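*Asks:* Here's the letter readout for the chains.
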Amino acid sequence: MARRVKTAKKKTMKRKSAASRPLTQGYGSEPGFPISLAMRAGDYVFTSAQGDHEFDPAMVKYDARGLVVSDGNTLPPRTVADETRSALRSLDQALRLAGCTLEDVVDASVWLRDPRDFHEMNKAYGEFFKKNQPTRSIFRIDFMFDCRVEIKVTAYKPQKSPG
Amino acid sequence: MARRVKTAKKKTMKRKSAASRPLTQGYGSEPGFPISLAMRAGDYVFTSAQGDHEFDPAMVKYDARGLVVSDGNTLPPRTVADETRSALRSLDQALRLAGCTLEDVVDASVWLRDPRDFHEMNKAYGEFFKKNQPTRSIFRIDFMFDCRVEIKVTAYKPQKSPG
Amino acid sequence: MARRVKTAKKKTMKRKSAASRPLTQGYGSEPGFPISLAMRAGDYVFTSAQGDHEFDPAMVKYDARGLVVSDGNTLPPRTVADETRSALRSLDQALRLAGCTLEDVVDASVWLRDPRDFHEMNKAYGEFFKKNQPTRSIFRIDFMFDCRVEIKVTAYKPQKSPG
Numbered sequence: 010m011a012r013r014v015k016t017a018k019k020k021t022m023k024r025k026s027a028a029s030r031p032l033t034q035g036y037g038s039e040p041g042f043p044i045s046l047a048m049r050a051g052d053y054v055f056t057s058a059q060g061d062h063e064f065d066p067a068m069v070k071y072d073a074r075g076l077v078v079s080d081g082n083t084l085p086p087r088t089v090a091d092e093t094r095s096a097l098r099s100l101d102q103a104l105r106l107a108g109c110t111l112e113d114v115v116d117a118s119v120w121l122r123d124p125r126d127f128h129e130m131n132k133a134y135g136e137f138f139k140k141n142q143p144t145r146s147i148f149r150i151d152f153m154f155d156c157r158v159e160i161k162v163t164a165y166k167p168q169k170s171p172g
Numbered sequence: 010m011a012r013r014v015k016t017a018k019k020k021t022m023k024r025k026s027a028a029s030r031p032l033t034q035g036y037g038s039e040p041g042f043p044i045s046l047a048m049r050a051g052d053y054v055f056t057s058a059q060g061d062h063e064f065d066p067a068m069v070k071y072d073a074r075g076l077v078v079s080d081g082n083t084l085p086p087r088t089v090a091d092e093t094r095s096a097l098r099s100l101d102q103a104l105r106l107a108g109c110t111l112e113d114v115v116d117a118s119v120w121l122r123d124p125r126d127f128h129e130m131n132k133a134y135g136e137f138f139k140k141n142q143p144t145r146s147i148f149r150i151d152f153m154f155d156c157r158v159e160i161k162v163t164a165y166k167p168q169k170s171p172g
Numbered sequence: 010m011a012r013r014v015k016t017a018k019k020k021t022m023k024r025k026s027a028a029s030r031p032l033t034q035g036y037g038s039e040p041g042f043p044i045s046l047a048m049r050a051g052d053y054v055f056t057s058a059q060g061d062h063e064f065d066p067a068m069v070k071y072d073a074r075g076l077v078v079s080d081g082n083t084l085p086p087r088t089v090a091d092e093t094r095s096a097l098r099s100l101d102q103a104l105r106l107a108g109c110t111l112e113d114v115v116d117a118s119v120w121l122r123d124p125r126d127f128h129e130m131n132k133a134y135g136e137f138f139k140k141n142q143p144t145r146s147i148f149r150i151d152f153m154f155d156c157r158v159e160i161k162v163t164a165y166k167p168q169k170s171p172g
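Going down the list, the protein sequences come from chains R, G and E.
Oh and the first sequence: position 146 is 155 in my numbering, straight run, nothing missing.
Oh and the second sequence: position 20 is 29 in my numbering, straight run, nothing missing.
Oh and the third sequence: position 101 is 110 in my numbering, straight run, nothing missing.
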């Protein structure tokens, strides 16, 4: 969903219960998007999908079918491996806002614009997950943004108990 | 997955353990679909994807590629904003069966048939999530049903402790 | 993501905390893929998406758009119902590595290559989920592999408490 993480606003903690453990809290934001970049809910942290793209609503160009041809971004040419690493680094940044890292990821979803990018993405992805590897799904899909790969993860990081 | 929520049958609670807290329970059903509309599992509530559509298996029409052209629904013409609000209201109804509401949503997935609908959907979606905004992914996809947007959410709502 | 489950390597347990309950542990692997077939994280078990396919990177053939025409598999011709049952059986095997079964599934994602396969898939799928039915999403999508249906599930199975 979100592009490169630039700023992260800490939001007000929202308690869901009088109990000490349960809480949800969103972290990070994206101008123009009603989303958090990471959300803690109990022992889990969810992320918004990340891709290596920028997105200027005024600049988006669509083809006749409505597919995004350009989102107005001014990013330099880059490989699928570059994009994969960038997306995972953005996810790591988002997770860190919520008190965890890529090491705590337990499940991942990967989307590619072109199936032929699979092997290059798979190799770059593997650099980040050496042990206790997350489960994963991967599909070809049409993106809303001008990028070749997007990734979304769920992490598990129990909160420190208060006592 | 499911169309407008019309009826909701409370299903038999299924205990997974002798412990008091852990349980899973499905809520709501859809004729012809082996699914629940909402499922509580511990502190989380999952939903089936919802779109503003009807679906009559005998009436579905496909094009040469197998894409759904019409699902036989008799819904009036409506905007993407209308469909977005309808889907979110259906999700809220499903969540309420399981004891929570859209306010407890922590993660969302959104799918659009046409990327050009992004801005209108995004604005209507934002009306429902003003604070502690859920993480989100959004993609263009081909639906099984005759609609322009589908949404699925995960909520976090710890159960009241028995004591 | 993964093809037919053939071997399952038990991986080293990774404790995330000094507490007795919280832990994550990946189960099963797939040659060439940096993934686990199942991952326990606290009370939940995630799976990688499963389809009834094989996948030989050296044999994959793409069409002009980059879509997968053949993944080099030598599986016999089979129906969508066959593929659905095979995917669900593979998921059950993966879940069993992590100490649960299809009976513990609370949420499912289903993807089809051709929407016209919906009814046959839906019927076969229903054979596996008779009561307390999981929530579900279902979409048409382009696969990275040569199959007609893929399924991914989340299960809820609290760990036995140590005491």
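A couple of the hints might just be wrong.
Identical chains blur together in the list; that is why a pair holds if it fits in one copy or across any two.
[What the hints assert, rightly or not] Straight-line C-alpha distance at most 30 Å; calculated DSBU-like pairs for lysine-lysine:
| id | residue 1 | residue 2 |
| --- | --- | --- |
| 1 | LYS169 | LYS132 |
| 2 | LYS70 | LYS169 |
| 3 | LYS70 | LYS139 |
| 4 | LYS169 | LYS139 |
| 5 | LYS169 | LYS140 |
Hints were generated in silico from the structure; no laboratory data involved.
As the structure is a prediction and not an experimental result, all values here were calculated from the model.
*Asks:* All hints are to be evaluated individually against the structure, with a verdict given for each.
*Replies:* Quick rundown of the hints versus the structure:
no. : hint             : verdict
1   : LYS169 to LYS132 : neither (34 Å within a copy, 37 Å between copies)
2   : LYS70 to LYS169  : neither (47 Å within a copy, 50 Å between copies)
3   : LYS70 to LYS139  : between (39 Å within a copy, 29 Å between copies)
4   : LYS169 to LYS139 : both (25 Å within a copy, 28 Å between copies)
5   : LYS169 to LYS140 : both (23 Å within a copy, 25 Å between copies)
Of the hints listed earlier, those the structure fails to meet are numbers 1 and 2, in rising order.
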